[in-house]
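Engineer: Next come the chains, spelled out residue by residue.
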Amino acid sequence: MKRNLMLFCLICIASVFFNITEVSGKEQMTAVVITSSAGWTSGAHSIVTGKPVNGHRSVQNKLLPTISDLGISNHGPYFYRIERFQSDNISKFHISNPANVIWNVPALSSDEPDLQSQSSNPFTMIIASNEKAYLIRYGARTVWIVNPSVSYADRHQFKIGQLDLSAYADENGQNDYDDTDGYPEMCGGKVVNGKLFIVMQRLVDWCPKESVHSYVAVFDIHTDTEIDTHKGEGSLKGIKLPSPVYDAGFPESSSIHYLKDNNTLYVSGPASMGFCTSGVGGKGGIVSIDPKTYVTTIVLDASTDTWEYGSIFSTAIVSPFKGYFVSVPDANDIGGSKNSVHSFNPTTGEILETISSLGGKDIWSMALDRQKKLWMCNSSDSEIVILDTSDNAIEERVAIDPLPKVVSFVYTYDFEAGDVNKNGIISAQDAVDAYKLALKNEWTNEQLWGADFNGDGEITAQDAIDIFWAGFK
Amino acid sequence: MKKYIIIYTLFISIIFAAQTFGFHLDVEPVIGKAGESVTIPIKLVDINQAMDIDAIGFTLIFDENQLTYVETQNATLTNEFHLLAGKELQSGQVKVLGAKFDNPVRITEDCILVNIVFTIKNNISIPCSFSISEWLDDLNPDSPIQGDFNHDGEISLIDVIIVLQKIAGVLPPK
Numbered sequence: 004m005k006r007n008l009m010l011f012c013l014i015c016i017a018s019v020f021f022n023i024t025e026v027s028g029k030e031q032m033t034a035v036v037i038t039s040s041a042g043w044t045s046g047a048h049s050i051v052t053g054k055p056v057n058g059h060r061s062v063q064n065k066l067l068p069t070i071s072d073l074g075i076s077n078h079g080p081y082f083y084r085i086e087r088f089q090s091d092n093i094s095k096f097h098i099s100n101p102a103n104v105i106w107n108v109p110a111l112s113s114d115e116p117d118l119q120s121q122s123s124n125p126f127t128m129i130i131a132s133n134e135k136a137y138l139i140r141y142g143a144r145t146v147w148i149v150n151p152s153v154s155y156a157d158r159h160q161f162k163i164g165q166l167d168l169s170a171y172a173d174e175n176g177q178n179d180y181d182d183t184d185g186y187p188e189m190c191g192g193k194v195v196n197g198k199l200f201i202v203m204q205r206l207v208d209w210c211p212k213e214s215v216h217s218y219v220a221v222f223d224i225h226t227d228t229e230i231d232t233h234k235g236e237g238s239l240k241g242i243k244l245p246s247p248v249y250d251a252g253f254p255e256s257s258s259i260h261y262l263k264d265n266n267t268l269y270v271s272g273p274a275s276m277g278f279c280t281s282g283v284g285g286k287g288g289i290v291s292i293d294p295k296t297y298v299t300t301i302v303l304d305a306s307t308d309t310w311e312y313g314s315i316f317s318t319a320i321v322s323p324f325k326g327y328f329v330s331v332p333d334a335n336d337i338g339g340s341k342n343s344v345h346s347f348n349p350t351t352g353e354i355l356e357t358i359s360s361l362g363g364k365d366i367w368s369m370a371l372d373r374q375k376k377l378w379m380c381n382s383s384d385s386e387i388v389i390l391d392t393s394d395n396a397i398e399e400r401v402a403i404d405p406l407p408k409v410v411s412f413v414y415t416y417d418f419e420a421g422d423v424n425k426n427g428i429i430s431a432q433d434a435v436d437a438y439k440l441a442l443k444n445e446w447t448n449e450q451l452w453g454a455d456f457n458g459d460g461e462i463t464a465q466d467a468i469d470i471f472w473a474g475f476k
Numbered sequence: 017m018k019k020y021i022i023i024y025t026l027f028i029s030i031i032f033a034a035q036t037f038g039f040h041l042d043v044e045p046v047i048g049k050a051g052e053s054v055t056i057p058i059k060l061v062d063i064n065q066a067m068d069i070d071a072i073g074f075t076l077i078f079d080e081n082q083l084t085y086v087e088t089q090n091a092t093l094t095n096e097f098h099l100l101a102g103k104e105l106q107s108g109q110v111k112v113l114g115a116k117f118d119n120p121v122r123i124t125e126d127c128i129l130v131n132i133v134f135t136i137k138n139n140i141s142i143p144c145s146f147s148i149s150e151w152l153d154d155l156n157p158d159s160p161i162q163g164d165f166n167h168d169g170e171i172s173l174i175d176v177i178i179v180l181q182k183i184a185g186v187l188p189p190k
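If you're matching them up, the sequences are chains A and B in order.
Under my numbering, the first residue of the first sequence is numbered 4, with each subsequent residue one higher.
Under my numbering, the first residue of the second sequence is numbered 17, with each subsequent residue one higher.
Derived from the structure by calculation, the hints contain no laboratory data.
Quick caveat: nothing in here was measured; it's all calculated off a predicted structure.
We put the beta carbon where it would ideally sit given N, CA and C, even for glycine.
Treat the hints with care, since some could be wrong.
[Stated by the list, open to error] So the derived list for chain A, only partly shown, Cβ under 8 angstroms to chain B, looks like this: (1) ILE224; (2) VAL321; (3) PRO323; (4) GLN432; (5) PHE475.
Sequences and hints are given; from them, build the entire structure.
Structural biologist: Right under this line is the structure:
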C-alpha cells in the first residue's frame with residue numbers, strides 16, 4: 004500500500020514538472036442527413052451536431068434544396084452529396100460550411116453509351132485514399148475511379164479511370180446465371196485490407212430472379228484489377244451470394260457493413276419486395292463474408308418457414324454479438340405501420356429483442372456512430388431516433404425536416420492530419436511517430452486522423468514518408 | 017518522515033534533470049574563392065546529458081548573395097537516418113529534416129549533425145556567418161510535447177518510468 008502511494012506521488016510530481024498531460028484531439032462528430040419530402044418531390048440535407056448540449060443536439064434543416072433521389076459519402080472533413088437518377092452529379096462540401104458547394108462534377112460522360120435510361124445513376128462513392136475513390140453507378144456497367152480531392156480548377160480531372168463490371172450483366176444470356184438486362188445494378192461496397200468489395204444486386208428487369216444471384220466483385224485497389232475469388236459461377240470471378248440474399252445491398256446506405264472486431268463483411272438483402280411478387284429468396288437474409296477467404300456464411304435466413312418476421316430491410320452490425328434489422332412484413336405498407344426493429348446476434352443468428360418503441364415506424368435506414376449509438380431515420384415521425392445500443396434505450400429524438408432518409412457521420416479534430424504529436428507543426432518527429440504506429444499496427448481513431456496522411460484508412464510506412472516530406476511545406 | 021524525504025529527493029532530482037538536458041548547434045563562418053565548393057558541418061556541441069535522437073529539423077539561414085545551396089549530406093549523427101533532406105524553401109533559407117524510424121541514435125559527446133554543401137558565388141574574404149532558426153523535434157528544447165521520452169507519440173507511465181530510470185542511472189541500453 005505504501006509503495007503504491009509513493010509511486011502515485013512520484014507520478015504526480017513528474018506530471019507537474021514535465022507537463023505530462025493528456026493531449027486530447029477533441030474529436031468532433033457531425034451527422035449529415037439526406038432528406039426527402041413525403042412525395043419524393045424534393046430533397047435537401049440537414050446537419051446535426053454529434054454531441055448533445057444540455058441533452059439536445061442542434062440541427063440545421065433544408066440545406067440546399069434539390070431533387071429527392073440523393074446519396075451521401077464522406078471523407079475527412081468533407082462530404083459529397085450525390086444527385087442520382089437522371090441528375091447524375093456530385094457536389095462536395097466542407098462540414099464547417101455545409102451549404103457551400105466547393106465543386107460540382109458530372110457522374111457520366113457526355114458521350115457515354117450503354118446507360119440505363121440515359122442515367123449513370125451514381126449511388127455512392129467508396130473512398131480508398133485522399134486521391135482515390137470508387138464511384139458506384141447503379142445505371143452503368145463501369146465503376147468510375149475518381150479523385151475526391153481534386154481542386155475546383157482541376158475538377159474536369161475528377162475521373163481518373165474505371166472498372167468494368169459488364170461480365171456480371173451479360174445481355175446475351177448463354178447461362179442461366181446471366182443477368183440479361185445488361186446492368187449489374189452495382190449499389191455499394193467497402194474497402195477492406197487493400198481490396199474493394201462491390202455489391203451488385205443483379206436484378207433482371209428490376210426484380211430478383213432465382214437463378215441470377217447477387218454478387219460481390221473484389222478488386223485490388225493498388226492495381227485496380229479484379230481478384231478471382233473462385234467463389235463465382237462460370238467465368239465470374241466474384242463471390243456469389245447465397246440464397247436468400249437477393250437484392251443484396253438494398254437499401255445501400257445500411258445493408259453493407261464491415262466489422263473490424265472480427266474482420267468480417269456483412270451484406271443484407273430483402274429479396275423480393277414491392278411489385279416483385281415472384282417470392283424469390285423468401286424475405287431475404289444477411290450473409291457474412293470473410294474478406295480473406297471469401298467464404299460466405301448465412302447469418303439470418305428469412306426464407307425459412309419458421310421465420311416470424313418480415314423482409315430484412317435496413318441492418319446494422321454493432322459487434323460480433325449484436326446487430327439490428329428492420330422487419331418489413333408488407334412492402335406495400337408505405338407508412339411502415341407493420342414494421343418492427345429487432346436486435347440479433349450476428350454470430351448465432353438468434354433474435355434477441357424487439358425494440359418496442361420503434362414498432363410501426365418507417366425506418367428507412369440506420370447508421371452506427373463511433374460511440375455505438377444507432378441513428379435511425381424514422382420517416383413516420385420525421386425524426387432521427389438515437390438509440391444507445393448498450394441497453395436499447397432511446398437517447399434522443401431529433402426533429403428533421405423534411406423526412407430523414409440516410410445519415411452519415413463526419414469526424415474532425417482540432418489538429419491537422421500529419422501532426423501526429425499534435426504540437427501544431429508537421430515535422431520529422433511526426434513521421435517517426437507515424438512509423439511507430441504503423442509498426443505497432445494498432446491505433447486510436449484520433450491517431451488515425453493524425454497519421455493516416457494519405458487517407459487510406461490505415462497507418463503505414465508510406466504515411467510516415469509522406470508526413471516527412473510534408474514537413475517542408 | 018522517511019517517505020517524504022525520498023519523495024522530496026526525487027522531486028529535486030527531476031527538476032535538476034530537466035534543467036540539465038542541454039546542447040548547442042555550432043556553425044563556423046566560411047571564407048573562399050568564387051566557384052569553390054564548401055562543406056559546412058553543423059555541429060552539436062556542449063552536450064551535458066546523453067541524448068536519444070531520431071528526429072531533427074532546423075532552418076539554416078545564409079547569405080544568398082555569397083552562397084548557393086547545393087545539398088545536405090549525412091554526417092556522424094545522421095549516418096543511420098532513414099530520411100534526411102534539405103530544401104531551400106526561400107532564398108537564403110534551407111530547411112533540413114531528418115528521421116530515423118527504428119532505435120534512436122544515442123549521443124554523449126560533440127558530433128556533426130549534418131554537412132551542408134554550398135558553392136561560393138563571389139570571393140569571400142570577410143568570414144560569412146550563418147544562423148540557425150526553427151529548431152524542431154529532438155533539437156527543440158522547448159518542444160510542446162515534453163515528457164514523450166520514448167517518442168511513441170503518447171505520454172504515458174512508460175515515459176515517467178524512463179525519467180526515473182535516468183535519474184537512478186539504471187536506464188538499460190537501447
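Engineer: Broken hints, numbered, in rising order?
Structural biologist: 1, 2 and 3
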